[in-house]
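Protein chains: 2
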Amino acid sequence: MDFKDLRVNGQRLQGSLEEMAKIGGTPGGGVQRLTLTDEDKQARDLFVSWLKELNLEITVDEMGNIFGKRPGRNNDLAPVMSGSHIDSQPKGGRFDGILGVMGPLEVLRTLHENNVETERPMVIVDWTNEEGSRFAPAMVASGVWAGALERDWVYDRTDIGGKRFEDELIRIGYKGTAACKKWPVHCYYEYHIEQGPILEMEGKLIGAPKGILCLHWYDIYLAGEANQVGPTPMEGRHDALCAAAEMILKVNQLPGRMGGNMVATVGEIQNYPNSRNIIPDKVHFTVDIRSWDDEHAIKAWELVRKDFEDIAANRGCPIKIEETWRVEHSPFDEKRVQLVLDSADQLGYSSLHMVSGAGHDASYMNQVCPTAMIFVPSIGGRSHVEVENTRWEDCEAGANVLLHALLQSANEKL
Amino acid sequence: MDFKDLRVNGQRLQGSLEEMAKIGGTPGGGVQRLTLTDEDKQARDLFVSWLKELNLEITVDEMGNIFGKRPGRNNDLAPVMSGSHIDSQPKGGRFDGILGVMGPLEVLRTLHENNVETERPMVIVDWTNEEGSRFAPAMVASGVWAGALERDWVYDRTDIGGKRFEDELIRIGYKGTAACKKWPVHCYYEYHIEQGPILEMEGKLIGAPKGILCLHWYDIYLAGEANQVGPTPMEGRHDALCAAAEMILKVNQLPGRMGGNMVATVGEIQNYPNSRNIIPDKVHFTVDIRSWDDEHAIKAWELVRKDFEDIAANRGCPIKIEETWRVEHSPFDEKRVQLVLDSADQLGYSSLHMVSGAGHDASYMNQVCPTAMIFVPSIGGRSHVEVENTRWEDCEAGANVLLHALLQSANEKL
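Protein sequence lines correspond, in order, to chains A and B. Residues in the first sequence are numbered from 1 upward in steps of one, following the working numbering. Residues in the second sequence are numbered from 1 upward in steps of one, following the working numbering.
Check each hint, because a few of them may be wrong.
For chains that are exact copies, the list does not tell them apart, and a pair is met inside one copy or across any two.
With a Cα cut of at most 20 Å, we get these calculated EDC-like pairs of lysine to aspartate or glutamate [stated by the list, open to error]:
#1 299 <-> 225
#2 181 <-> 119
#3 181 <-> 393
#4 4 <-> 57
#5 22 <-> 307
#6 282 <-> 268
#7 182 <-> 113
#8 306 <-> 294
Quick caveat, the hints were computed from the structure, so don't treat them as lab data. Small disclaimer: the values here were computed from a predicted structure and weren't measured.
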């Protein structure tokens, strides 16, 4: 059989996704499968049972990452690898993460039933806790594997109920014995929904991100003066919520002022005492700035930081600013990105060279080996919500691109 | 003895206030004595013991209002009345409410030790749950007494833990047997801290509000579209928090645009899902508008409501507006207000004819009988906070004004 004609089974891929969507399925049509919960365990068990059907060599490491290895002709060569995550956001969707696990599973099934041998071994992976919504931060298990994070620090992360990461990992039976430590990988492909509207807007089927945007997080704390609203004249008020409102709009206007190539968002706000007849005296809010250009993002922050300080001074609301987290933009391996574009091309799919605004386990893998991603369109650009959706045909197309990118990579002798 | 020379005992008043401040005293120097809690009971018990020392006729009604009656020469005449409330805000101050109970107590003590007889009986009162911070809304017990609210509706109010008002009233032993129903009152004076900065700014000692501002409450609900912030371009976002931020600033600018004579405040906001990397898709916030001029307040609302609708349309964020509560402005009895001003004058105190921005039990009493209030300065205008403060000399001066307003009123034969 000519490998060029090989295709995944779209029906089977859809079936796997639908079966997974039942685990933690929500009335709103989404999925809630928070990391290290009973739902996560149930989905992992199902995944492992599917790996066993393919006679893969299964390893669970001490972070709960699940690897399934398919031997190659020459097992001394570094394997090619693909995977993503089984966990979801609270009230998340049926595609985020799981598509990138069911995709390579479908690839391996296709190779299996066609008795296709590859030169190098192939590894499928489910990374623990990509979302970070139960245990912050995100992508911790690929982070530990890549050597960027400390295992014991992650073990001690607690959820909102005070439960430890390690204890919950043990509880669901997925604290393995293998060290969570990188080993040589020839290259890594992560298949994922786009989570944005660009592919849909551009009318393209396959996205090949050249890398992941930089990510800068800030925490802003404002102080005001609480008083009964009725007897307190407008003049001389120190209303921390009004100061925050001005700042939120400055953040929203920032990409326009900087001439694009970035997004800037305030997603979270806490207001105190949060009583309708008391002037707010304490506000905390977050700022999230992302760009392909790290310097551009920092210049934007410096501009808006100056605005914040002016607004705080004008309103007499002392401000405290924390620069919480900065991750530089992560350019993927050009050759691997090109291979994704070429594979799409050979399959007759339209494609787009783009960027990824969201972080993925691929960010950490990119520190270990040549990495690329494959995106398929999110309907209406919706993600991290129950109505998140992607056409089944598009899921199949992305899996075919993954199949061919993996096949070609797995047959590279050097 | 010439009544003109009669003065309260400032030391004793201070002592009573200090003893009350121990009950529910907070580390920050304030008081937390929420209605119908153990602290409220303890303060009520102390208050009742003090009433007993003066041989007053004590009545507790079915709303827990405590009345202490001092006979006059002619007990067929309607009594004069004064009081306020013992309950406090969460982390409130040492003066709000309690000054208006300890003030008339000090007046009665002064009359008692000087064997002063009055024509009419005099009644001191502690109204249950003025604050409304544990059981909403505020001023319920004077409201029931005045016939403006239903007793059983108030009984069924629940706190945040689901406890019923009536059950808690029984628990602390203050559900009395007397009907909570108005009876003839000659006039009512309520002594209170100003809770605003006007007296301090004007350099005046005694405030005589001509009435209480109108109070309009609104609840605004905005919908947006939640999405992962990284992959979602700024164009086409429907960010409910940005829409709310614009609206909050419009509310803040409203008094300036309307040419004053009002205050407008957003005190409360809830944002969903309130996650730093998801665009907010649901926001609720409150609007509080107060003015002496009801029409002015309604015109202001119409103006800002139009702004809200424009902002919602521009941002593609559907808006739902609830007009939650409207209380008309409440002008006090001119003759009683003048008597407060005259009493201050005769005592050599500076005074100011002003308005009350905050609501008080006096609002409901104003529906029953001629009513006036006596204000003393709040240092820095601060109230509903632990640092709320008033000079002891000013507390004494206000009590002297109350003494003379009550004395003169209690000796009116008609």
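Residue 4 and residue 57: within-copy, between-copy, both or neither at 20 Å Cα: neither (27 Å within a copy, 101 Å between copies)
query: 20 Å Cα cut-off: does residue 22 pair with residue 307 within a copy, between copies, both or neither?
result: Neither, since 48 Å and 45 Å both go past 20 Å.
task: Up to 20 Å between alpha-carbons, please classify residue 306 paired with residue 294: within, between, both or neither.
output: within (19 Å within a copy, 41 Å between copies)
message: If the cut is 20 Å between Cα atoms, do residue 181 and residue 119 qualify within a copy, between copies, both or neither?
response: Neither: 24 Å inside a copy, 93 Å across copies.
query: Is it within, between, both or neither when you check residue 181 against residue 393 at 20 Å Cα-Cα?
result: neither (37 Å within a copy, 73 Å between copies)
message: If the cut is 20 Å between Cα atoms, do residue 299 and residue 225 qualify within a copy, between copies, both or neither?
response: neither (32 Å within a copy, 28 Å between copies)
- prompt: For residue 182 vs residue 113, is the C-alpha pair at or below 20 Å within one copy, between two copies, both, or neither?
  reply: The answer is neither: 30 Å in one copy and 88 Å across copies each exceed 20 Å.
task: Classify it for me, residue 282 with residue 268: is the Cα-Cα distance of at most 20 Å met within a copy, between copies, both or neither?
output: Both: 14 Å inside a chain and 12 Å across chains, each within 20 Å.
Taken one by one, the earlier hints fail for this structure at numbers 1, 2, 3, 4, 5 and 7, listed in ascending order.
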